[in-house]
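Let chain Z serve as the given structure and place chain W on it in line with the hints.
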Amino acid sequence: MFDLIIFVVLLIVGYVFGQAIDQTHYRSIRKRESLLRNIPLIASRKLPASFEPCKTELVTGNVVISVDFYKKFVAGLRNLVGGRVRSYESLIDRARREALLRMTEKAKALGANYVFNVKMETSSIPSGRGDGVSAVDVLAYGTAVIQERQAPPVQKVEAPSPGMMNLRPR
Amino acid sequence: MILTTLEYVPGKNITKHLGLVQGSTVRSKHVGRDIMAGVKNIFGGELTGYTELLNESREEATERMKAQAKSIGANAILNIRFSTSNIAQGASELYAYGTAVVLE
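So the protein sequences, as listed, match chains Z and W.
So in the working numbering, spot 94 of the first sequence is number 94, and the numbers just go up one at a time.
To get the working numbering, take the position in the second sequence, counting from 1, and add 1000.
Isolated chain W, as found in the complex:
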């Protein structure tokens, strides 16, 4: 599966467009991490726990998008975009979407 933020894959022709595929996940904060984050809010600096959490969640969203693309027979996803939104206090949604295509 080829993933790209470009609108095409260099050197390959698109034989079929299969439409939009998407993957999303909603994650909430961990209490332990929240306490650490509270301490870090005084001193400043990187919140490593959150960085990891969001990274894992985005990978999860990407995996779901890939699974959806695979289920409809695509072998590449073009023009991938990521989006993040705070849906409630302490929970955020991580969303990945793109166009599934079949490459020759």
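Looking at chain Z on its own, in the form it has when it is part of the complex:
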């Protein structure tokens, strides 16, 4: 009986705190993503010839995010019937976006214009006793490209319509 009470309390605590942390983190991610929108992350392996001369630098960003008691419990139930584990989807999504943000922030500090050949590496850190996932570790890495001069100006549009205004070259 006592065990059951502890279990229910942990479940409620996990749900309340977990959801709160989830939402706060998503808010912070969205805010920072919009600030870093001017540094495109590109998965391509080659730089366009017009980018040279430029300097390149390795940048990395990593994060370890823990599951909460509620997520773990829901995932455990889901394991019985199979299917989409929504509670872990948000976890891994947060971790990936956070790792990318940290990498981009480092690139920004170097004065980079782009990050090329972005790769991701994910691993799980198992909990001490159980075999379930207790935390995910995501590493994002890529090559920051620091252009020494501005890219050649894009051909000027005669009379830009209001919708074109945000498409101006940087």
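Calculated directly from the structure, the hints in this document are not laboratory data.
Positions of the beta carbon are idealized from the N, C-alpha and C atoms, including for glycine.
Just to be clear, a hint being listed does not mean it is correct.
To be verified - Computed spacing ranges between beta-carbons, pair by pair: (1) W:GLY1073 / Z:ASN38: 36 to 44 Å; (2) W:LEU1020 / Z:GLY82: 34 to 42 Å; (3) Z:GLU89 / W:GLU1052: 21 to 29 Å; (4) W:GLU1059 / Z:ILE92: 18 to 26 Å; (5) Z:THR122 / W:GLY1073: 29 to 37 Å; (6) Z:VAL13 / W:LEU1020: 44 to 52 Å; (7) Z:TYR26 / W:GLU1056: 21 to 29 Å; (8) Z:ARG84 / W:GLU1059: 34 to 42 Å; (9) Z:GLU89 / W:THR1015: 42 to 50 Å; (10) W:GLU1060 / Z:ASN38: 27 to 35 Å; (11) W:GLY1011 / Z:LEU41: 18 to 26 Å; (12) Z:GLU105 / W:MET1001: 20 to 28 Å; (13) W:GLY1019 / Z:VAL9: 52 to 60 Å.
Using the frame of chain Z, we list chain W on its own:
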């Protein structure tokens, strides 16, 4: 030493390929951090201690890779990749590898 995930360095020619260089480190969890992680496993959120631990370990692996490249006379490492594996309960291996080259 130039480190890059690209297959070349823009504006520079490769004069010599020296082959694969690698660096790895195996780290285990700290008991104190493990207790904190146990608490965080109920509430959720970022495990800052682990983030730092893995970050330091990857830097260590990168340093070892750089040392190996330096010892064979390279001045750049191209196409760097990182890899992580759980080799045992509570210990993970962090591995970095790339191609050592001499640039003009």
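Structure-based check of each hint:
1. W:GLY1073 / Z:ASN38: 36 to 44 Å: Between GLY1073 of chain W and ASN38 of chain Z, where Cβ atoms are some 39 Å apart, the hint holds.
2. W:LEU1020 / Z:GLY82: 34 to 42 Å: holds (41 Å)
3. Z:GLU89 / W:GLU1052: 21 to 29 Å: holds (26 Å)
4. W:GLU1059 / Z:ILE92: 18 to 26 Å: holds (24 Å)
5. Z:THR122 / W:GLY1073: 29 to 37 Å: 35 Å Cβ-Cβ, so the 29 to 37 Å window holds.
6. Z:VAL13 / W:LEU1020: 44 to 52 Å: Distance hint for VAL13 of chain Z, LEU1020 of chain W holds at roughly 49 Å.
7. Z:TYR26 / W:GLU1056: 21 to 29 Å: Holds - the Cβ-Cβ distance for TYR26 of chain Z and GLU1056 of chain W, about 28 Å, lies within 21 to 29 Å.
8. Z:ARG84 / W:GLU1059: 34 to 42 Å: Holds, at about 37 Å.
9. Z:GLU89 / W:THR1015: 42 to 50 Å: Since the Cβ atoms of GLU89 of chain Z and THR1015 of chain W sit about 48 Å apart, the hinted range of 42 to 50 Å holds.
10. W:GLU1060 / Z:ASN38: 27 to 35 Å: Given about 33 Å between the Cβ atoms, the range holds.
11. W:GLY1011 / Z:LEU41: 18 to 26 Å: At 22 Å between Cβs, range holds.
12. Z:GLU105 / W:MET1001: 20 to 28 Å: holds (23 Å)
13. W:GLY1019 / Z:VAL9: 52 to 60 Å: Roughly 58 Å apart at Cβ, these two residues keep to the hinted range, so it holds.
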